[in-house]
Each structure stands twice: as structure tokens, then as C-alpha cells.
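*Asks:* Chain residues, written in single-letter form:
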Amino acid sequence: MNPIQTVDYIRILPELVLTAFGIIIMMADPLLKPGASRKGLGLVALGGTIAAIAATFCQIAWSARDANFATPGWFGMVRVDSFAIFFHLLIPAISAVCILASLEYLDAQNIRSGEYYALILFGTVGMVLMSSAVELVLIFIALEISSISTYILAGYRRRNAGSAESAIKYFLLGSFATAFFLYGVALMFGATGSTSILKIGPALGSNPGLLAIAATALMIVGLGFKVAAAPFHIWTPDVYEGAPAPIVALMSTGPKAAAFAVLLRVLFATTSSDWLPLIWICAALSMTLGNFGALMQNNVKRMLAYSSIAHAGYLLVAFAASNEIGRSAAIFYTASYAAMNVGAFAVVSHFGAGGERYVSVDDYSGLGRRSPLLAFTFTIFMLSLIGIPATAGFLAKYYVFNAALSANAHPTALVWLTIIGLVNSAVASYYYLRLIVVMYMREPVIVEAPAPASGAMKLALVLAAIATIYLGVMPGRVLTYSDAGARDLLPTAAAAGSATPGSSTFPGPVATTPEK
Amino acid sequence: MVHQVLFIVFGLICVAGAINLLVQRHPISSALSLVVVMASLALIYLLLGAEFVAAIQVIVYAGAIMVLFVFVIMLLNAGAEERTRGSRMALIVGVPGVIILAGTVGWMLVSGSGRLGGVNLVGPSSFGETHAIARLLFKEFLLPFEITSVLILIAIMGAVVLGKREN
Chain G
0 MNPIQTVDYI RILPELVLTA FGIIIMMADP LLKPGASRKG LGLVALGGTI
50 AAIAATFCQI AWSARDANFA TPGWFGMVRV DSFAIFFHLL IPAISAVCIL
100 ASLEYLDAQN IRSGEYYALI LFGTVGMVLM SSAVELVLIF IALEISSIST
150 YILAGYRRRN AGSAESAIKY FLLGSFATAF FLYGVALMFG ATGSTSILKI
200 GPALGSNPGL LAIAATALMI VGLGFKVAAA PFHIWTPDVY EGAPAPIVAL
250 MSTGPKAAAF AVLLRVLFAT TSSDWLPLIW ICAALSMTLG NFGALMQNNV
300 KRMLAYSSIA HAGYLLVAFA ASNEIGRSAA IFYTASYAAM NVGAFAVVSH
350 FGAGGERYVS VDDYSGLGRR SPLLAFTFTI FMLSLIGIPA TAGFLAKYYV
400 FNAALSANAH PTALVWLTII GLVNSAVASY YYLRLIVVMY MREPVIVEAP
450 APASGAMKLA LVLAAIATIY LGVMPGRVLT YSDAGARDLL PTAAAAGSAT
500 PGSSTFPGPV ATTPEK
Chain Y
0 MVHQVLFIVF GLICVAGAIN LLVQRHPISS ALSLVVVMAS LALIYLLLGA
50 EFVAAIQVIV YAGAIMVLFV FVIMLLNAGA EERTRGSRMA LIVGVPGVII
100 LAGTVGWMLV SGSGRLGGVN LVGPSSFGET HAIARLLFKE FLLPFEITSV
150 LILIAIMGAV VLGKREN
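Order-wise, the sequence lines are chains G and Y. Note that numbering that gives the first Met the number 0 has the first sequence beginning at 0, numbered continuously upward. Note that numbering that gives the first Met the number 0 has the second sequence beginning at 0, numbered continuously upward.
Just so you know, these hints were derived from the structure itself, not from any lab. Hints are supplied without guarantee of correctness; some may be wrong.
[Said to hold, decoys possible] Cut-off 27 Å, straight-line C-alpha distance, at most; resulting in silico cross-link-like pairs (DSS-like, lysine-lysine):
| # | chain 1 | residue 1 | chain 2 | residue 2 |
| --- | --- | --- | --- | --- |
| 1 | Y | K163 | G | K32 |
| 2 | G | K168 | Y | K163 |
| 3 | G | K198 | Y | K163 |
| 4 | G | K38 | G | K457 |
[To be verified] Here are a few chain G residues that sit away from chain Y, every Cβ distance over 10 Å (derived from the structure):
| # | residue |
| --- | --- |
| 5 | L30 |
| 6 | L42 |
| 7 | A63 |
| 8 | P201 |
| 9 | G354 |
| 10 | R369 |
| 11 | F393 |
| 12 | L489 |
[To be verified] With the Cβ distance kept under 7 Å, some of the chain G side facing chain Y (calculated, not the full set):
| # | residue |
| --- | --- |
| 13 | E114 |
| 14 | S148 |
| 15 | G154 |
| 16 | A190 |
| 17 | L209 |
The structure presented is a predicted model; accordingly, all values stated were derived computationally and were not measured. Glycine included, each C-beta is placed from N, C-alpha and C at the ideal position.
Model the full assembly from the supplied sequences, consistent with the hints where possible.
*Replies:* This is the structure:
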């Protein structure tokens, strides 16, 4: 009998679809005229991401029929449980919105390269695979796919020295961080004799030795770099400043969501929580350094980079809670942060115009009068990043802090972490509000009229804004999914695997994904 | 016993080669130190019983990749690197930092050697043979093996994209 069955191919269907579309784009690019616009290829890439979402729905349908779908496939390599399916929907949706924003951006910057879209799709393959992989070797390869494609994409503004600096810096520091992760994987193999997450947990039990603790710490360093958590955040502002704005939208949300997914899987594989002090320090440092760094920035991209560090800190608070509510809050936070941050960077990308000239806070003055709709959507994203009620950012923060306060283990430490988080949220509102004040209450300094947004850009902004409001007003459906995902992460459920069919299937029929 | 002595010898050679790589000023000398690192790593693999990996290490790293390195250095006609003064910050904070870190890790390993909690990795007698590796690679690790092709593809694409002349 063939050991690889049809169901195994269904388990990696989104990855297969994305790879196929990536290869089509790669092959089609040389057939086009060298100087011509690559908009057509962008639309093909958009089709690829939508097809990947459709493939995920195919997985959902399959999992409803086949109770064994959530057991690990490919000889224990991938596990498509509802946790993985959540990210299989989220990550292609992020890529789709980023591609929509790129369609206009590449023309405005006069970049004529089809490989750009192919790299986004291949990067998405890596990110999607990271969320479903349960074998550290496979996670490492998927992490490298997602990282290398973003290193290259960061250097795409060829006429700008800052972009080359961004790519080189990201590449060198990123490779360094990957080596840390790999060292952690090697030590974990030494500690347990296995690199499978599902086997590591039972092998370690509740009292792991020094080797396993060192391994976990090294993996936290590696993944901490990828999610831009302090003290591994130094690269973030420079890289975000130099990279093309739609790519920043992608790399501040997609790879980050995927890396958080890996972190969730790895950290909660065992019942022990020796990593708690590390995560506590990372969370407190990220929130504080991120927000205080952002206060001093005059460049919007740098400001949002520091804000991205701070948000990684809020997310780590949910990890520190280390209960089921915390895991669910972390999953929900990745989706909310993706919705508002992709939107914010889409506005930055449109307003930056040719050569990304207009990226300082002063350039935004009077935007409320010059293009009211653009300013309005940007205000929605800023309010959500602050955490104003009726936006995604508010509920995401609320669930995170709620989880931290309801934790049974180490309540005092977590109360302090929550206090640090709340003080930081107050500090953060200053620099977000400053941007809104500048947009609505200052005279414009730029005389040039802003270019009208293209249809694709409008669609991207509307989708991101709808997702932000939707998650803030009607979070129920997405919360159900993140709860189901959090349940699937539990080591008992993971160890039992096929013993508890049904618990791993995606709940209920799904009508819409958060971002489509 | 012999194994342990040999491991320490080759380990020391490996570390010495790595330090020499950083200290040398001429790129060719650095590249040749890298050969020492690769070769001693191959010998360590051999000591661990991984004959296939040791052979691959010599053929691919010490052979193919090193030739590529040397070619690139010669094509670029790279001369000896110019020394910069180095940052004072690195000296004041970095050196004590490294010493403290190395000391802490060393102390932890020595004092906690009983609590390391490793497993005894005695595999089947076929461990490290080409046949056993092939079984692993094309059965249990088939998916990672295939996915690696995507990784290589984007690496090539990146080289083409970033190396292409802007017109």
C-alpha cells in the first residue's frame, strides 16, 4: 500500500496551491516585455492567495468528514488541527491584502519585476507551513523559506540605499537568529531523542533537565527575533524604514503570526513552564522599549516599527498567562494586529508616493482636508492600534490582559505585567493620537495633490478597515475559532491525537474569514 | 577513551581554525582556515559514526563550496581588508559581556552536569550508514526534503533579482 494517501495531499493543499501559482508567475515573467507593468502577474498572485483560502475551506470540509484528519500526516510532520486552519486562513488573507496594496505601489515606484509576487507567494508557503508543522526540522525549513523571501523583498527598492541596508541588516541578523533556533533544535534532540513536538512533550514530562531548558531558551531567542520582541528588536526600525511599505505590511504581520504560532506550539508542548520568567522579561521589555522608542520617532514607518515591537510585547503577555484563555487571546491578537497593521501600512504605502517621499509625521499634516477618506481609514487603524473600544485593538488587548489577570500560576507577577501593559497603552496613545491631530488640525505642508487611490488599493483599505471593525464589534465567530485552536494546542490533546476525534475539527460551518 | 581524546583534539583544531578565520586579514587565508574548520568537523562526524555525513561534509563543504569561495575572492580580486579602529563600546561592554556569559554557561554546565537530562542516543547498528539515511530521507523526512526545493528555488530567485542590473 502506498504510505502516502490522498488525505496527506489535502493536509498540505494550501501550500501546494501557493507553490503552483508561484511557479506559474515565475515562468510567465520572462514572457512579458521587460519594461511593461506586471499588474497581470499581481492579479495571478492574488488568485493564488484566494485559491489557498479555498484550499483551506477544502481542508475544513474534509476535517468535518474524516475524524482522523487532525492526526499528524506525512509520517508525523504536519498536523492540520483547528489551530493550523486558523492560520491557514489568516496568512493567505494577509498576503492577499498586501498584494492588493502592491499593485499600485509597484507602478508608483516604477518597479517592473514579476518575481516580487512569486516571492510573496513562496513566502506565504513557508508561513502557512510553519503553522501546521509539528516537526522542528520542518519548522526550521519553513521558517527559512518565509525569512529568505522577506529578506529579498526588503531589498526591492533598488534605487534606494536604505532598502539595500535594510535587506543586508535583516539578512545578517536574521541568519544569526536562525542559527540560535537551530542550536535550540539540536539541544532539544539531545534532551529528548526526538525533534517532533508531539513526542518532545511526553519525553520531557513536567520536570525537564537543564538541556531542555537551554534548548527552549535558544528557540525563544530565535523566534523572538522573528517576532521583533525586545531585547531582539534592534533590527526592526531600520529594516522597516528601508523596505517597501507593502512588504512591511506583510512582514510585520504574516511571518510574525507564523512565528507566534510556532512559539505557541513549542512552548505549550510540555506541561512545564520554566520559560515563564524569560517570556515575562521579553514582554515587559518589548512593551516599554517599543512604546518609548516610538515616542521619539518622526518617521511614520519607524514609529510603526516601534509600535510593532510594543504589540509583540502585548502578545507575549498572553503567553505569560500560560492558560487556555491566554492561548486563545494570543491567537485572536495575531488576527487583530494583522487587520489594523496591514491597513496602516497600506495607507503609508499609498501616501508615500513615488520614492516613498512622504513618510515623516509632518507630511501627514492636513491630510484630513486633502484626502478625507484616506485620513478617515488611517484614523480607524490608529484608534485600533491605541485600543479604543469598537475596534479590534481594544478587544485584543482586553482579552490579553483578562487572561493575564485570570491566570492561576504566578498571579502577582502577572498583575505587575498587566500594570506595565496598561501604563504602556496610555503612553502609546500619545504618538498615535499625535498623528491624528497632525492630520486634522494642522495646515498642509505639501502643496502637491495626493494621487487618487487605485481600485485595488481602495479594496485593500476597505477590507482591512472592515476586518478591524468586524473584529472589534462582532468578535464572537473568530473567538470561537481561536478558542478551538487554543484547545488543540494542549499537550494532552496533542499526545492523544486520534484518541479524541471531533475535538480537533473546525467548529461549525464557516461563511467568511476575518479578512476577506 | 580514544574517542574522547580524538574529539577534544579535533574540537580544538576546529575552534582554532574558526578563530584564525576571523583574525586573518587576507580573504584567501580566511577561506583556507575555513577548510580546516570543515575538515575537522567532518572528522568529528566520523567519530560519531556518521560516515555518510562526514563524506558529504568533505565533498560539499570542503570541496565544492570552498572552491566557489576561492573563485569569488579571486574574481573580485579582493585584497587584504583594512582594519578599522573598532568601536570602544564593543570593548567596554562586549568583552566583559562575553566573559560573563561564557562563565555563567560554563558554570551552569559544570555544576549542573547531573541535571542535564539528556537521553542516551544509541541507535541501531545501521546508524549513519548511507542506506539508513536514505530510508529516513525518503520516508519519514520526505516532506521536509521536498519542501527544501522551494527554499533553494527562492534563494536562486533572490540571487537573480538582487543581482540583476537596474535599467
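*Asks:* Look at each hint and say if it fits the structure.
*Replies:* Each hint, compared with the structure:
1. Y/K163 <-> G/K32: Within the cut-off at roughly 16 Å; holds.
2. G/K168 <-> Y/K163: holds (20 Å)
3. G/K198 <-> Y/K163: Roughly 46 Å separates the two Cα atoms, so the pair is violated.
4. G/K38 <-> G/K457: Judged against 27 Å, a Cα distance of about 16 Å means the pair holds.
5. L30: G/L30 is indeed farther than 10 Å from all Cβ atoms of chain Y, at 16 Å.
6. L42: holds (20 Å)
7. A63: holds (24 Å)
8. P201: holds (13 Å)
9. G354: holds (14 Å)
10. R369: G/R369 clear of chain Y: closest Cβ-Cβ about 32 Å, beyond 10 Å.
11. F393: Holds, since 38 Å exceeds 10 Å.
12. L489: G/L489 clear of chain Y: closest Cβ-Cβ about 23 Å, beyond 10 Å.
13. E114: holds (5 Å)
14. S148: holds (5 Å)
15. G154: holds (6 Å)
16. A190: holds (6 Å)
17. L209: holds (5 Å)
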